[in-house]
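Protein sequences appear in the order of chains R and V. For the working numbering, count along the first sequence from 1 and bump the result up by 648. For the working numbering, count along the second sequence from 1 and bump the result up by 1.
Any given hint could be a false lead.
If you only want the chain V side, here are some residues facing chain R, beta carbon under 8 Å, derived [unchecked claim]:
1. Tyr104
2. Ile327
3. Glu362
4. Glu364
5. Ala368
6. Gly370
Hint data in this document are derived by calculation from the structure and do not stem from the laboratory. Note that CB positions come from ideal geometry on N, CA and C, so glycine has one too.
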Amino acid sequence: MGDVALSIEQLTVEVEGREILHNINLGMKLGETHVLFGPNGSGKTTLLMAIMGFPKYRITKGKVIFKGQDITMLPLDERARLGIGMSFQRPPVVRGVKMRDMVAACLKGQEQEERVSQLAEKTNLADFLDREINYGFSGGEIKRSELMQLLAQKPTLTLIDEPESGVDLVNITLIGELLNSLLEKDCPIPERKCTGLIITHTGHILDYVNARTGYVMCDGVIGCEGDSREILATIREKGYQECVRCFLRRRGSSG
Amino acid sequence: MVETVSSETHKDKARAAAAKPAAFGEDIDLDTYVSSAEEQPYQVDPSKLPARAKERMLGAGVILDDPGQRAGTFIQMDNAPVHSSVRQEGVEVMAVNQALEKYDWLSDYWWQAVAVDTDKYTANIELNQHNGYFIRTLPGYKTIYPVQACLYLAKARLAQNVHNIIIAEENSELHIITGCTTASNEEAGLHLGVSEFYIKKGAKVTFTMIHNWNPEVSVRPRTGVIIEENGLFLSNYVLTKPVRSLQIYPTARCMGENAVVRFNSILVAAPGASLDVGSRAILNAKGAKTEIISRAITTGGSIVARGYIEGNAPDVKGHLECRGLILMGEGIIHAIPELKGTLAGIDLSHEAAVGKIAEEEVEYLMARGLTRSEATATIVRGFLRVDIEGLPPLLSAELQRAIEASERDIM
Chain R
649 MGDVALSIEQ
659 LTVEVEGREI
669 LHNINLGMKL
679 GETHVLFGPN
689 GSGKTTLLMA
699 IMGFPKYRIT
709 KGKVIFKGQD
719 ITMLPLDERA
729 RLGIGMSFQR
739 PPVVRGVKMR
749 DMVAACLKGQ
759 EQEERVSQLA
769 EKTNLADFLD
779 REINYGFSGG
789 EIKRSELMQL
799 LAQKPTLTLI
809 DEPESGVDLV
819 NITLIGELLN
829 SLLEKDCPIP
839 ERKCTGLIIT
849 HTGHILDYVN
859 ARTGYVMCDG
869 VIGCEGDSRE
879 ILATIREKGY
889 QECVRCFLRR
899 RGSSG
Chain V
2 MVETVSSETH
12 KDKARAAAAK
22 PAAFGEDIDL
32 DTYVSSAEEQ
42 PYQVDPSKLP
52 ARAKERMLGA
62 GVILDDPGQR
72 AGTFIQMDNA
82 PVHSSVRQEG
92 VEVMAVNQAL
102 EKYDWLSDYW
112 WQAVAVDTDK
122 YTANIELNQH
132 NGYFIRTLPG
142 YKTIYPVQAC
152 LYLAKARLAQ
162 NVHNIIIAEE
172 NSELHIITGC
182 TTASNEEAGL
192 HLGVSEFYIK
202 KGAKVTFTMI
212 HNWNPEVSVR
222 PRTGVIIEEN
232 GLFLSNYVLT
242 KPVRSLQIYP
252 TARCMGENAV
262 VRFNSILVAA
272 PGASLDVGSR
282 AILNAKGAKT
292 EIISRAITTG
302 GSIVARGYIE
312 GNAPDVKGHL
322 ECRGLILMGE
332 GIIHAIPELK
342 GTLAGIDLSH
352 EAAVGKIAEE
362 EVEYLMARGL
372 TRSEATATIV
382 RGFLRVDIEG
392 LPPLLSAELQ
402 RAIEASERDI
412 M
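Generate the whole structure from the sequences, applying the supplied hints.
So, in structure tokens, the structure goes:
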């Protein structure tokens, strides 16, 4: 299938010797946006980090296939250069490295100056270009900075970890707009190439960004898959406890 | 003549301290160096100096072929001043011995900011002085371009003993870039230098010093600064090239109200190098301020990074920041920040950190598509970047270039 962006097959991941994800299967076509719900500690971030290729997240079984290529053994930076990008929930401060340097690095030396200013304008970060990256940034500033770097990087597959956490109401609207821009929501559906996988605990981001498919992750496995809004409605009504109960019930009957 | 200013008191004190070891750093046996060198001819046009010398000087920020962006130039090779010139009104640049003959008042400044009996090195300079430079701005004059000064060590095993005096008269502004370097990449040598700065009321001096020695040279500069009311002294020190042993601990005294001193040091120690570099600020007047920033990287050498702030007057404020990065090998970084307060109502603080590059930061940059080595280089470049407030853009750019040139060696 030429239009498959990401295919995850029976993925098992361990962190520091402890298995966190068990037999994950997931598929996304080019241009689609999917959301990953789940209680804290269920393994959502681990899945994103493993797809991105962070060495600490060790794949012990299964495959990650990106646009038809098996990338399971590829290092982090090669995956980034192939077109996978990530918005971090809590990115590190890198003293001395300015936001301008990061955006320029994401642009890979092309069209530089003017493009950097345009992106800064768009993300409302014009005053931040000469600040050290993430140093003293508020929650909203971190998210906008992450999205600004990704808008420069233009990945085919964007992994977005909790875009709404620590963000106030004013910022969330802008973050929604930036995500829509990154995921080409202004393009006709058949022409979209940019694919997104968004982690959300609260689901608030769905008020701003449409997602086709939703997953609920429980205890390192995908407990259910379905229409994202339907899943969110259930979570909002009954809470994650109900998801976990439902998951355990099914696991009990199948086991 | 030097004899007239170096009164018997100075000479007596120097003789008494001739064997006194320095408070810090390895003790250097002065007897293993020679003190005399051949005379060097004076050059009216410094662009006529040998190409090799010009190239080495350029590596230390001294431009001789196109000095249009310099307010003045002073060059001393071994013991001989070979050139001094001025391109801007209100600025004086000359050999210090010539200045002592010209101005009888200059003796009042001799050994006032640095004590002659500090250690055997200051004593040796008093007893065997080989010139040095005198740079002065007249009251109210402001230099646009920096004055450049170069102390060049050509003869093998020479001990170069210089005494420099810098005076910024009231409300003047003076920018200096000074480069110290050697002719040879491998011959041993010793550079001893006293620099005394006098910053009068409302005057501003920026002093950017780039050292470009070789792995066999030992260096013991001794610097003292006296800052009067509303005066500002801004020092930037860059040492990224190999040197055998270097110990330097300049002391600035804020003697007038609201005087300000800022020290920035950027240090890189290659394997075999031993650096002991500090900055000291004594805040003796109401409202005086200081900021001391040091960035140290070792690729195998040893660095002691010192800092000392003393607050002795009301409403003084000081901050000391000392950061070290052990990049590879068996390098050592020893950060020693010290604060001393002697009365209530002062505000002194420090932060110090020594470590390796955080893997989390490297991976963050790799997730943006940089290779591991590109990510590491970006972090090192960021670490060495110090945004220097108050430095003219031209000097800031030159300083940045000097630092960037060193990145290749580091990586």
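Restraint check, 8 Å cut-off on beta carbons, for Glu364 of chain V near chain R: Holds, because the Cβ-Cβ distance from Glu364 of chain V to chain R comes to roughly 6 Å (cut-off 8 Å).
Measuring from the C-beta of Ile327 of chain V to each C-beta in chain R, is the shortest one below 8 Å? violated, 16 Å
Under the criterion of a CB-CB separation shorter than 8 Å, is Tyr104 of chain V in contact with chain R as hinted? Since the shortest Cβ distance to chain R is 45 Å, the answer is violated.
Holds or violated: the hint that Glu362 of chain V contacts chain R, with Cβ atoms closer than 8 Å. holds, 5 Å
Going by Cβ atoms only, is Ala368 of chain V closer than 8 Å to chain R? Check passed: Cβ of Ala368 of chain V comes within 5 Å of chain R, closer than 8 Å.
Could you check if Gly370 of chain V really has its C-beta closer than 8 Å to a C-beta on chain R? holds, 4 Å
When the structure is compared with the earlier hints, violations turn up for hints 1 and 2 and for no others.
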